[in-house]
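Peer 1: Here the protein sequences line up with chains U and S, keeping their order.
Heads up, our numbering is the position in the first sequence plus 255, with the first residue counted as 1.
Heads up, our numbering is the position in the second sequence plus 927, with the first residue counted as 1.
Calculated directly from the structure, the hints in this document are not laboratory data.
Possibly wrong hints are sitting among the right ones.
Stated by the list, open to error - Stretch-level coverage of chain S by chain U, calculated; a stretch enters the list once three of its residues show a Cβ under 8 Å from a Cβ in chain U:
no., stretch
1, 946-957
2, 991-997
3, 1001-1011
4, 1020-1034
As the list claims (entries may be wrong) - Label-pair ranges, simulated between beta-carbon atoms:
no., chain 1, residue 1, chain 2, residue 2, range
5, U, G559, S, D941, 39 to 45 Å
6, U, P557, S, G1026, 45 to 51 Å
7, U, D279, S, E979, 51 to 57 Å
8, U, E560, S, V981, 46 to 52 Å
As the list claims (entries may be wrong) - Beyond 10 Å from chain S on every Cβ pair, some chain U residues (computed):
no., residue
9, H314
10, E379
11, V391
12, P557
13, E560
All figures in this text were calculated on a predicted structure; none of them were measured in a lab.
A virtual CB, placed ideally from N, CA and C, is assigned to each residue, including glycine.
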Amino acid sequence: MSNVRVAGVGLTPFGNTPERTGRDLFAEASIKAFEDSGVPRDDVDALLYGNFMGELSEHQGHQGPLMAEAAGIQAPATRYESACASSGTAVRDAVMRVRNGEDDVVLVGGAERMTNLGTAGATEALAIAADDLWEVRAGTTFPGAYALMAQAYFDEFGGEHEDLAHIAVKNHENALTNDKAQYQRAIEVSDVLEAPQVSSPLGLYDACPISDGAAAVVLTSEEYAAEHDLDAPVAITGTGQGGDRMALHDREHLARSPAAREAGTEAYADAGVDAADVDLAEVHDCFTIAEVLALEALDLEPIGEGITAARDGRTTADGETPINLSGGLKAKGHPVGATGASQIAEVAKLLAGTHPNSSAVEDATTGVAHNAGGTVASATVHVLEVTE
Amino acid sequence: MTDSETGVQDAGFDDWLDAAEEGAAYYLECPEGHGSLPPRRVCPDCGSTDLEEVQLPETGVVETFTVTHVPTPAFEDDAPYATAVADFGPVSLTGQVVGIDLEGIETGLEVELEITVSETTGERVIGFSPV
Ligand SMILES: [Zn+2]
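Turn these sequences into a full structure, and let the hints steer you where they fit.
Peer 2: Following this line, the structure appears as structure tokens:
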């Protein structure tokens, strides 16, 4: 079985560019990834591409071939849709293709155009990640579903909005050095607490923004990287995926994410590491409470204690295990279909020492990327390690 | 939602709303005792295809709730409104809490099913009212 190397990564700025088409966003990310990798386009065996709401935002289905064309590659292409975990799922399949020897080089990534829908339109589009009959028709929104989980967490384990506010503050702080981030702006706890309510107990500053953007990653086999003398020191050594019942009300626990636990357990075992080995992680903080649930599912915090991790400095840049050094979805932005691949890009750069925030994790050898769909009815986790 | 131009309904789901409006809401039960909601042919817990309609318990308990201020367009005129997950025993449901001030809603509140309508679209909505 071949180790899978991250040969190159490319990101567009994440933010508010409503006029830019998905194909233009992905083209930019792919150009950067090819430049970064030194891999010629002709060597690509497949494109795996994540996108969630293209039918709604661009009236565009069948995006695989469209994006292969945009990236200038002649290989077969497939679109992956798993809500906000779309490109994490694509990465997982890319890893397995390279490992089993089917492909030597895979371009994997994703893009999302969202801001052209406006706030109401994007809210409606995001809601389709929930069960339409039994959740959306009762008025569930995406923030509303996470608010139900936050309230359930407070009731079961304690904690308050101020604890969550520290997560938003931390992630904004981390994004100050990320010139691709949607928000390069420090905020205070009071900003979070005084922001308008979206869905109680969550306010505007507990939520990631609506974002446009794309991410692309060139993955190669270890053999290909050696043969072509690539500068690709980071490998994806573990992959895992988990699933759960679609509707939040059908879950055994309203304040836990078993799908993420399943994915994390599988990825750790696959890589031969455990949670104690993890030096840093990019986790799916679409809402502040989501970061708490992710940390607990990944065993980076005990159940019921993740709520205090940011407040007490365990997950800040100078903490024991820095979380979301990129700024996370909260400050970096969340172009849904691009997010999973962008997390791989950020972790790879942090481990390679080429990220603006690498100085916070100088001796790091092991990083994790956690990508979640809907209220975590689907999740992928990847372990990345420095190999040389 | 029901297609208002063609009047086409969602079999199973709209039938359930009809029954709930008549005070005859049900859930589906397999021989192992797993509860689930229609439309459904297979028990999601064990794969049994032997599903039977069983009367939904009269009352449920609010497990968690939220007051939504930023709705989807389908609930534009309804906001702010409260949604909750209520545990009815064999199944839990998501619904809007009605018949009580938003400030009065809390976890543990005992509720019964009450089908209500969206002020925005006139579509039927699963609701919970305090017992
Ligand atoms: Zn069963």
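Peer 1: It remains to establish, for every hint, whether it holds in the given structure.
Peer 2: Each hint, compared with the structure:
Three residues within the 8 Å Cβ limit are the bar, and the stretch 946-957 of chain S against chain U gives 0, so the coverage statement is violated. Evaluation of the coverage hint for the stretch 991-997 of chain S: fulfilled, as 7 residues show C-beta separations to chain U shorter than 8 Å, against a requirement of three. For the stretch 1001-1011 of chain S, the assignment as covered by chain U holds, since 7 residues bring a beta-carbon within under 8 Å of that chain's beta-carbons and 3 suffice. Requiring three or more residues with a Cβ within less than 8 Å of a Cβ of chain U, the coverage given for the stretch 1020-1034 of chain S holds, as 5 such residues are present.
Evaluation of the 39 to 45 Å hint for G559 of chain U and D941 of chain S yields a pass: the beta carbon distance comes to about 41 Å. For P557 of chain U and G1026 of chain S, the Cβ-Cβ distance of about 40 Å falls outside the hinted range of 45 to 51 Å, so the restraint is violated. For D279 of chain U and E979 of chain S, the hinted distance range of 51 to 57 Å is satisfied, since their beta carbons lie about 54 Å from each other. The hinted range of 46 to 52 Å is not satisfied by E560 of chain U and V981 of chain S, whose Cβ atoms lie roughly 40 Å apart.
For H314 of chain U, the requirement that its beta carbon stay farther than 10 Å from each beta carbon of chain S is met, with the minimum near 18 Å. Residue-level check failed: E379 of chain U sits 4 Å from the nearest beta carbon of chain S, not beyond 10 Å. Not every CB of chain S lies more than 10 Å from the CB of V391 of chain U, the least distance being 7 Å, so the non-interface label is violated. The claim that P557 of chain U is not at the interface with chain S holds, since no C-beta of that chain comes within 10 Å of its own (minimum 22 Å).
The Cβ of E560 of chain U sits about 20 Å from the closest Cβ of chain S, beyond the 10 Å cut-off, so the non-interface label holds.
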